[in-house]
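Asks: Residue numbers (my numbering), protein chains in the order written: chain A, 2 to 532; chain H, 176 to 608.
Derived by calculation from the structure, the hints in this document are not laboratory data. Remember, predicted model here, so these are calculated numbers, not experimental data. Heads up, some of the hints might be wrong.
[What the hints assert, rightly or not] Derived DSS-like pairs (lysine-lysine); straight-line CA-CA distance at most 30 Å:
hint: 1; chain 1: H; residue 1: K510; chain 2: H; residue 2: K275
hint: 2; chain 1: H; residue 1: K510; chain 2: A; residue 2: K221
hint: 3; chain 1: H; residue 1: K506; chain 2: A; residue 2: K135
hint: 4; chain 1: H; residue 1: K566; chain 2: A; residue 2: K107
hint: 5; chain 1: H; residue 1: K582; chain 2: H; residue 2: K368
hint: 6; chain 1: A; residue 1: K142; chain 2: H; residue 2: K395
hint: 7; chain 1: A; residue 1: K142; chain 2: A; residue 2: K97
hint: 8; chain 1: A; residue 1: K107; chain 2: H; residue 2: K487
hint: 9; chain 1: H; residue 1: K404; chain 2: A; residue 2: K142
hint: 10; chain 1: A; residue 1: K142; chain 2: A; residue 2: K178
hint: 11; chain 1: A; residue 1: K178; chain 2: A; residue 2: K47
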Amino acid sequence: MTSLLRAVLTICALLYASVAVADDFSALVQALPKGSYHARSVVVKKLGLLGDARAVPVLKALNNDDLKVAGDGTVLIVNDTTGAATSAIGGAAMGKPDPNSLDRVKANNMVRRAIRTAIGMLTLRDPDPAKRMKAAEDALKAADPEQIDALDAAISAERDAGVKAVMAEARAAAVLKSDAPEAQKLAAIHTLGDRGDNAALAALVPVANSKEPALAQAAKTALSAIREAQQFWRLAQNIWFGLSLGSVLLLAAVGLAITFGVMGVINMAHGELVMLGAYTTFVVQQVIRADAPGLFGWSLAIAAPLAFLVSGAVGIAIERGIVRHLYGRPLETLLATWGVSLILQQAVRTIFGPDNRDVGNPGWMSGAFKIGQMQVTWNRLWILIFCLAVFAVLLAVLKKTPIGLQMRAVTQNRAMAANMGIRTGGVDALTFGLGAGIAGLAGVALSQVDNVSPNLGQNYIVDSFMVVVFGGAGNIWGTLAGAFTLGIANKFLEPFSGAVLAKILILVGIILFIQKRPRGLFAVKGRAVES
Amino acid sequence: MNITRRSLLGGIAAVGAAPLVAPVRGWAAEDTIKVGILHSLSGTMAISETTLKDVMLMLIAQQNAKGGVLGKKLEPVVVDPASNWPLFAEKARELISQDKVAVVFGCWTSVSRKSVLPVFKELDNILFYPVQYEGQESERNVFYTGAAPNQQAIPAVDYLMSEDGGSVKRWVLEGTDYVYPRTTNKILEAYLKSKGVAAEDIMINYTPFSFSDWQTEVSKIKAFGSAGKKTAVVSTINGDANVPFYKELANQGIKAEDIPVCAFSVGEEELAGLDTKPLVGHLAAWNYFESIKTPENEAFIAEWHKFTGNPKRVTNDPMEAHYIGFNMWVKAVEKAGTIKADTVIDTLPGIKTPNLTGGVAEMLPNHHITKPVYVGEIQEDGQFDVVWQTKGLVPGQPWSPYLPESKNLVSDWVKLKCGNYDTVKKICLGAKS
Numbered sequence: 002m003t004s005l006l007r008a009v010l011t012i013c014a015l016l017y018a019s020v021a022v023a024d025d026f027s028a029l030v031q032a033l034p035k036g037s038y039h040a041r042s043v044v045v046k047k048l049g050l051l052g053d054a055r056a057v058p059v060l061k062a063l064n065n066d067d068l069k070v071a072g073d074g075t076v077l078i079v080n081d082t083t084g085a086a087t088s089a090i091g092g093a094a095m096g097k098p099d100p101n102s103l104d105r106v107k108a109n110n111m112v113r114r115a116i117r118t119a120i121g122m123l124t125l126r127d128p129d130p131a132k133r134m135k136a137a138e139d140a141l142k143a144a145d146p147e148q149i150d151a152l153d154a155a156i157s158a159e160r161d162a163g164v165k166a167v168m169a170e171a172r173a174a175a176v177l178k179s180d181a182p183e184a185q186k187l188a189a190i191h192t193l194g195d196r197g198d199n200a201a202l203a204a205l206v207p208v209a210n211s212k213e214p215a216l217a218q219a220a221k222t223a224l225s226a227i228r229e230a231q232q233f234w235r236l237a238q239n240i241w242f243g244l245s246l247g248s249v250l251l252l253a254a255v256g257l258a259i260t261f262g263v264m265g266v267i268n269m270a271h272g273e274l275v276m277l278g279a280y281t282t283f284v285v286q287q288v289i290r291a292d293a294p295g296l297f298g299w300s301l302a303i304a305a306p307l308a309f310l311v312s313g314a315v316g317i318a319i320e321r322g323i324v325r326h327l328y329g330r331p332l333e334t335l336l337a338t339w340g341v342s343l344i345l346q347q348a349v350r351t352i353f354g355p356d357n358r359d360v361g362n363p364g365w366m367s368g369a370f371k372i373g374q375m376q377v378t379w380n381r382l383w384i385l386i387f388c389l390a391v392f393a394v395l396l397a398v399l400k401k402t403p404i405g406l407q408m409r410a411v412t413q414n415r416a417m418a419a420n421m422g423i424r425t426g427g428v429d430a431l432t433f434g435l436g437a438g439i440a441g442l443a444g445v446a447l448s449q450v451d452n453v454s455p456n457l458g459q460n461y462i463v464d465s466f467m468v469v470v471f472g473g474a475g476n477i478w479g480t481l482a483g484a485f486t487l488g489i490a491n492k493f494l495e496p497f498s499g500a501v502l503a504k505i506l507i508l509v510g511i512i513l514f515i516q517k518r519p520r521g522l523f524a525v526k527g528r529a530v531e532s
Numbered sequence: 176m177n178i179t180r181r182s183l184l185g186g187i188a189a190v191g192a193a194p195l196v197a198p199v200r201g202w203a204a205e206d207t208i209k210v211g212i213l214h215s216l217s218g219t220m221a222i223s224e225t226t227l228k229d230v231m232l233m234l235i236a237q238q239n240a241k242g243g244v245l246g247k248k249l250e251p252v253v254v255d256p257a258s259n260w261p262l263f264a265e266k267a268r269e270l271i272s273q274d275k276v277a278v279v280f281g282c283w284t285s286v287s288r289k290s291v292l293p294v295f296k297e298l299d300n301i302l303f304y305p306v307q308y309e310g311q312e313s314e315r316n317v318f319y320t321g322a323a324p325n326q327q328a329i330p331a332v333d334y335l336m337s338e339d340g341g342s343v344k345r346w347v348l349e350g351t352d353y354v355y356p357r358t359t360n361k362i363l364e365a366y367l368k369s370k371g372v373a374a375e376d377i378m379i380n381y382t383p384f385s386f387s388d389w390q391t392e393v394s395k396i397k398a399f400g401s402a403g404k405k406t407a408v409v410s411t412i413n414g415d416a417n418v419p420f421y422k423e424l425a426n427q428g429i430k431a432e433d434i435p436v437c438a439f440s441v442g443e444e445e446l447a448g449l450d451t452k453p454l455v456g457h458l459a460a461w462n463y464f465e466s467i468k469t470p471e472n473e474a475f476i477a478e479w480h481k482f483t484g485n486p487k488r489v490t491n492d493p494m495e496a497h498y499i500g501f502n503m504w505v506k507a508v509e510k511a512g513t514i515k516a517d518t519v520i521d522t523l524p525g526i527k528t529p530n531l532t533g534g535v536a537e538m539l540p541n542h543h544i545t546k547p548v549y550v551g552e553i554q555e556d557g558q559f560d561v562v563w564q565t566k567g568l569v570p571g572q573p574w575s576p577y578l579p580e581s582k583n584l585v586s587d588w589v590k591l592k593c594g595n596y597d598t599v600k601k602i603c604l605g606a607k608s
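Throw the hints in and build the complete structure from the sequences for me.
Replies: So this is what it looks like as structure tokens:
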């Protein structure tokens, strides 16, 4: 009898408990639309600590601006595309309410930060290790002492060693902010010191300024160890930044290395040929967005050959129409091509408008990955690879194909080449077109890192000439070496001198260098030079 | 954007003609009031200024449909100073001396404004300047309808320091290297220090115009932001350089929740060239957002779409400034009964006209206007969501009280007849400072 009574009582208690939890949850959700952003973020935090998985869709909806409140105070989750609403508390379908009758529950950065932490707390025990990892990283960023219990529970249940380590680091960061005993905090400092990245720094710096001498000392030791290790990574990072800047410079300059370096034509419209490549990418993406959204990941691969053809064709038109009449008159060529550049700019401005065009990054060009403490962004990596590939193909064309042979023959000794039966006019046009086409390829790559506007080309023309002159006109390898040298030098100067001064220093450096070696890094030698 | 064959052909045809027809003249009516429009239609600034030329043409067309001013039609005179600062002065002179315009609406960058100032003083004409600027100036011939620093920069920083804004303790002031960012950052630095921010918690960086390789700068911001204190970036980066800056932020994984960027030169127009998904939550401070729902604003946007024939064209803050400035000028001319510059200059202070966000803009004796200040967060659709606004209208204040060289200065063109009156020495400094 007593046992029966106890059982009944237990069931009642359990029922009551679950009702109480449900009440907490619904009360909190009901409270979400009210009050200031600060009040909202407090409610979000409570939802996270409640440990009720039903909160996850509600918080996600709030984050994505899908949480609405009806006139009678019912909180709804409204699907963005279909407009179908479900109750935020029970999940029941509520039909399709009139969007004008609903008020959006707004989130700002503070609320979004609270949401991230709360969702992190709720997904610490998620079956998907990637989600648990993200949850642990978010907990590390939040470093909130109230998370310690949940983290402890998650750590003891965790099987994945990598996730477990991050959870321990998140716990350590939270411990440092709590009023835990000194021994625990010292252990936490040790854990974070081993992590050794910016997140660890963020957690340790305040401790180093704390009033307890033992803790401050330990934190300072850990900090100096981290900073020492970061020195090495900073060096690696600078080299990487330099390489990626160099790859952009090389792409912009390599076409010019042919038209200016090999042919000796001062082509001021080179930048605009780059811009045309970028606009070709834009048009290709526009067509894909409208007609075949599934192909978006391929948009750059489709745009590259088209950009080569468009810029190449424009280049040939410039050569046949203008430049060919001005061979041997560099000043007039300069002025004429400068005029062409203005016409091309204004043409694009008239057709596409003066404002920036949105060229999207396909998924594989977005984001970054880490090598040690060094962050490598995907778009820069792909541009480096692309630029080396373009360079290799160009070199092969010049060195291994009959047309490349003819190009070199014509530029080195026009009269002799003509005597051998080469149609020098046609070869001139093709060479110029090749240089222009490569400028178009550069435009495809630059559309991924710079803004696509009619001014795009102007920003690169000076840099391109600088690279070609510095590397040594007439030598493609010189352009390669010049671009990477300038890129790396720039990136090593920038942290100390600032971006503005770095640019000036580089320019002064090149001027001095040219005084010493007028033909650049890799001067072309031999009789061809003298003519 | 739809590229039809006809627009393509039209575009190609226009290209050949474009350089020839750059100074577009309106119809040559015998008795009209001419209104000068001095905005770059080519070169680097065309990206921002072309829109302002369009909005002026729309406002003038609307006014003409209502019967013009003083019984006469308005005639727009458009010139193209081509983002070339000395050319601004030449074109201004041409507008005033040759075309005999009654008023000029124009300029974007501070350097272009400074370049035309002597011309407006010498020939005694009126310039309406529609862009937020660094202050430290008040001229008799210029009416500043954009924000002074106390109508944009200072309130934005106040928001970031508040609890709702994230209680920011550490500041990166990132700007393009020219007069507006340098002066604004000087004011902000002095203001932050007056609020007890330590010097080591402020980092100031400058980059050249059209800067595109932000890798080092962004990683510097990231490192600066990992000192255990809430960090924010206040950006006075201008024009072209913004797109690669935001792209790099997104790629290096800096989220608005961690390090928000609050920009003073990024509006709806600039976001149109960007994929805004990774930027949600980054901030901008302005006196107008397209997303603000008022009947006036909705009507304005509808007119704009009709006028441009493009339902996707966005509106932005300097456009509203021209809207206010133009309406103020029309009111002042009607009140004065003449277009004579001297009379209109004296009539303008005190003129009130509704703005687009439900308030009333008043021209103050210091030639600045009253404005509300809004802080908005970037949304996925490229619009801004207002998260904070000032309680009432903020009167524009040209001279910053936070800089030692200007803290005693006031401007009053009504009673004192002076743009830089020293309240301690009780003298008008006049043109020499």
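Asks: For each hint, tell me whether it holds in the structure or not.
Replies: Status of the hints after comparison with the structure:
1. Between K510 of chain H and K275 of chain H the CA atoms are separated by roughly 21 Å; this keeps the pair inside 30 Å, and the hint holds.
2. In summary, the hint linking K510 of chain H to K221 of chain A is not supported, as the alpha carbons are separated by about 71 Å, beyond the 30 Å threshold.
3. Restraint check: the Cα-Cα separation between K506 of chain H and K135 of chain A comes to about 59 Å, which exceeds 30 Å; the hinted pair is violated.
4. About 19 Å separates the Cα atoms of K566 of chain H and K107 of chain A, which keeps this hinted pair within 30 Å; it holds.
5. This hinted pair checks out: K582 of chain H and K368 of chain H have alpha carbons roughly 16 Å apart, not beyond 30 Å.
6. A distance of roughly 19 Å separates the Cα atoms of K142 of chain A and K395 of chain H; the hinted pair therefore holds under the 30 Å criterion.
7. A distance of roughly 38 Å separates the Cα atoms of K142 of chain A and K97 of chain A; the hinted pair therefore is violated under the 30 Å criterion.
8. For the suggested pair K107 of chain A and K487 of chain H, the alpha carbons sit about 25 Å apart, so the restraint of at most 30 Å is met.
9. This hinted pair checks out: K404 of chain H and K142 of chain A have alpha carbons roughly 12 Å apart, not beyond 30 Å.
10. Annotation: proposed proximity of K142 of chain A to K178 of chain A holds, straight-line Cα distance about 12 Å (limit 30 Å).
11. For the proposed pair K178 of chain A and K47 of chain A, the alpha carbon gap of about 19 Å is at most 30 Å, so the pair holds.
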